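Chains as they are written, first to last, in the working numbering: chain A, 1 to 326; chain B, 1 to 326.
Quick caveat, the hints were computed from the structure, so don't treat them as lab data. One or more hints might be untrue.
If several chains are the same, the list does not tell them apart, and a pair holds so long as it fits within one copy or across any two.
Unchecked claim - The calculated lysine to aspartate or glutamate pairs, modelled on EDC-like cross-linking and capped at a C-alpha distance of 20 Å, are:
no. : residue 1 : residue 2
1   : Lys242    : Glu300
2   : Lys245    : Glu300
3   : Lys299    : Asp220
4   : Lys211    : Asp271
5   : Lys272    : Glu46
6   : Lys211    : Glu267
7   : Lys211    : Asp263
8   : Lys265    : Asp220
Quick caveat: nothing in here was measured; it's all calculated off a predicted structure.
There are 2 protein chains.
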Amino acid sequence: MKFSPLFWPIKLRGNTLYILDETLLPQRLSYIKARTYQEAARAIKEMKTRAFGQVLLVFSTFLLVLKQTKGKNSVLPLLQKVAAALNSTRPTLPFKFLTDMVLAWAREGDVEKKINGFLELLKARRIQRAVQVSKYIQDKEAILTHCNISGELPLIGEFCRRQGKRIEFFVTETRPYMQGSRLTAWELKRAGFPVTLMTDGMVASIMAQNKITKVIVGADQLAQNGDVANKIGTYQIALVAKHFKIPFYALCPPQSKAKAGKDIKIEIRPDKELLEYEGIRLAPYGVRGFYPAFDITPKELIAKHFILNIFQPNTSSGRVGRTKGI
Amino acid sequence: MKFSPLFWPIKLRGNTLYILDETLLPQRLSYIKARTYQEAARAIKEMKTRAFGQVLLVFSTFLLVLKQTKGKNSVLPLLQKVAAALNSTRPTLPFKFLTDMVLAWAREGDVEKKINGFLELLKARRIQRAVQVSKYIQDKEAILTHCNISGELPLIGEFCRRQGKRIEFFVTETRPYMQGSRLTAWELKRAGFPVTLMTDGMVASIMAQNKITKVIVGADQLAQNGDVANKIGTYQIALVAKHFKIPFYALCPPQSKAKAGKDIKIEIRPDKELLEYEGIRLAPYGVRGFYPAFDITPKELIAKHFILNIFQPNTSSGRVGRTKGI
Numbered sequence: 001m002k003f004s005p006l007f008w009p010i011k012l013r014g015n016t017l018y019i020l021d022e023t024l025l026p027q028r029l030s031y032i033k034a035r036t037y038q039e040a041a042r043a044i045k046e047m048k049t050r051a052f053g054q055v056l057l058v059f060s061t062f063l064l065v066l067k068q069t070k071g072k073n074s075v076l077p078l079l080q081k082v083a084a085a086l087n088s089t090r091p092t093l094p095f096k097f098l099t100d101m102v103l104a105w106a107r108e109g110d111v112e113k114k115i116n117g118f119l120e121l122l123k124a125r126r127i128q129r130a131v132q133v134s135k136y137i138q139d140k141e142a143i144l145t146h147c148n149i150s151g152e153l154p155l156i157g158e159f160c161r162r163q164g165k166r167i168e169f170f171v172t173e174t175r176p177y178m179q180g181s182r183l184t185a186w187e188l189k190r191a192g193f194p195v196t197l198m199t200d201g202m203v204a205s206i207m208a209q210n211k212i213t214k215v216i217v218g219a220d221q222l223a224q225n226g227d228v229a230n231k232i233g234t235y236q237i238a239l240v241a242k243h244f245k246i247p248f249y250a251l252c253p254p255q256s257k258a259k260a261g262k263d264i265k266i267e268i269r270p271d272k273e274l275l276e277y278e279g280i281r282l283a284p285y286g287v288r289g290f291y292p293a294f295d296i297t298p299k300e301l302i303a304k305h306f307i308l309n310i311f312q313p314n315t316s317s318g319r320v321g322r323t324k325g326i
Numbered sequence: 001m002k003f004s005p006l007f008w009p010i011k012l013r014g015n016t017l018y019i020l021d022e023t024l025l026p027q028r029l030s031y032i033k034a035r036t037y038q039e040a041a042r043a044i045k046e047m048k049t050r051a052f053g054q055v056l057l058v059f060s061t062f063l064l065v066l067k068q069t070k071g072k073n074s075v076l077p078l079l080q081k082v083a084a085a086l087n088s089t090r091p092t093l094p095f096k097f098l099t100d101m102v103l104a105w106a107r108e109g110d111v112e113k114k115i116n117g118f119l120e121l122l123k124a125r126r127i128q129r130a131v132q133v134s135k136y137i138q139d140k141e142a143i144l145t146h147c148n149i150s151g152e153l154p155l156i157g158e159f160c161r162r163q164g165k166r167i168e169f170f171v172t173e174t175r176p177y178m179q180g181s182r183l184t185a186w187e188l189k190r191a192g193f194p195v196t197l198m199t200d201g202m203v204a205s206i207m208a209q210n211k212i213t214k215v216i217v218g219a220d221q222l223a224q225n226g227d228v229a230n231k232i233g234t235y236q237i238a239l240v241a242k243h244f245k246i247p248f249y250a251l252c253p254p255q256s257k258a259k260a261g262k263d264i265k266i267e268i269r270p271d272k273e274l275l276e277y278e279g280i281r282l283a284p285y286g287v288r289g290f291y292p293a294f295d296i297t298p299k300e301l302i303a304k305h306f307i308l309n310i311f312q313p314n315t316s317s318g319r320v321g322r323t324k325g326i
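One chain only, chain A, in its complex shape:
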């Protein structure tokens, strides 16, 4: 099985963490070395890794520290320090849920084994989900995607290929951070799939030309009613897809505590990230920008949720309908 580097972007080798530096993609595939938990926390703070990579880095940082303190007694106070350092990196991200999980395991004992077991489960569930999604795709489909699903899209494509299905991808740039262009188009091309890049404004035009058969996106948060929060721009793709009767699939993390989309707090990013690109000023001075990092896609627009059910081992997905809860 060949994975996208984005599928598992953190590796622990010896006493060093290798963190895929996503900010250098697609120009350079290179890893940052972190030898202390402080260095790992800095990589999160500086957004060298994102989405699934951050989750993986949180767990991997504990593994690094546990490896370095092998055989020592009472590592709990140190692990608590690590948790505090990780939690303080990006205040709006729900790392505390993850670090609390690890601290609870540390109190029970066998923490290293439990972390490794959890990561194995996570990997297995993501692969299972890719298999499952691939079964919903027919030969000669053209899939439109937005932002980046941390390496799961090339994997879905790989399973389609094994099933003898020829598929192609249309990828939105995903302004302002260009994850679609820099990450998704890159990993899909690298995996050998036909990829066409388009601007975020071309969705309706391209769907009107019958070029798209499905939309597949990820999700940063899944509310209990089936609404999802994902990268800004997702909502209008879902609206336009609905208009053209094109099925819209969302690959979601486990449900959050939010009852509905309206309960999810949307991070507003500094407008500088919109007004400049790689140091070039794009906008006139004096103009303000507005940059909500995510938007909410209501459940009615989502044909199918593929949920990473890591807490319910017997199922790796759930279905959300209008009448049935998740």
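Since the structure of chain A is already known, use the hints to place chain B on it.
Below, chain B without anything else, positioned relative to chain A:
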């Protein structure tokens, strides 16, 4: 009356044409000097001016040549050369319609006066249209726009201001060429209006937050059934606006010969313009891009057409309904 430099971007002073170099905006407000029709044609070819500026430059180039040959007999052969030079600049643009008009006037006599009269009419009609649109806007409205309407939006804003209405603008970047950011946000800010810049992907999100009360866009072509061709991205804004029941207005040129939107040929631009920005490679190598320059917005999504009826002096707008033709 204070006009945006984009409202009338070509000026004839003495024996020189001053052409606003839109490619340098917003960093620099500067004019290219053209002293021959060949230099003027080159400015069109190199897209130093666009949209209304190109129309104006076609007429102004004839005026330049006529001024330079003042008192000479039989200028028609020279004007035919000028027409040929202008028509060969951008094969997909309908300049021939304009140059044929001028050549017909040249055959009739009094060509200089007729060109000047036509340009005066054009200016008057554009100002009248801005007044008319302003009457459809209430106090405290927030107007979303896309691409650039060649200086008419600040003028609409100016008339609103004179009527005591406080309005604000939300402007999409308009990837890939960034006319929204570089031109529209710039001219609106310059005219003293509150302007918020957003990416092309934020339309649904921002409308869902009830921040927008109207959409106003221009149009590059108006078909006889009321469908319009405008900058890529317009169609999905219209779809999303319809979903949120936000009125969508289109400022249109006179009707073309196209019966419906499907009869309008869409220019496909080189994908390099999408894959690079100001010399920076944005996309991974090996990925292809798709860049239709325009899309078609069907008439059903347009609440009101404001048509520049320069050929019907008694009316400066027309209404397109589902049952009524234009």
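Verification of the hints:
1. Lys242 / Glu300: So Lys242 and Glu300 pass the 20 Å test inside a copy (9 Å) and across (17 Å) alike.
2. Lys245 / Glu300: Both: 13 Å inside a chain and 18 Å across chains, each within 20 Å.
3. Lys299 / Asp220: within (14 Å within a copy, 37 Å between copies)
4. Lys211 / Asp271: Close across copies (17 Å), not inside one copy (34 Å); limit 20 Å.
5. Lys272 / Glu46: Within one copy only: 16 Å inside, 31 Å across.
6. Lys211 / Glu267: The answer is between: 17 Å across copies meets 20 Å, while 33 Å in one copy does not.
7. Lys211 / Asp263: Cα proximity of Lys211 and Asp263: across copies only (19 Å, versus 35 Å in one copy).
8. Lys265 / Asp220: within (12 Å within a copy, 40 Å between copies)
Of the numbered hints given earlier, the model fails none.
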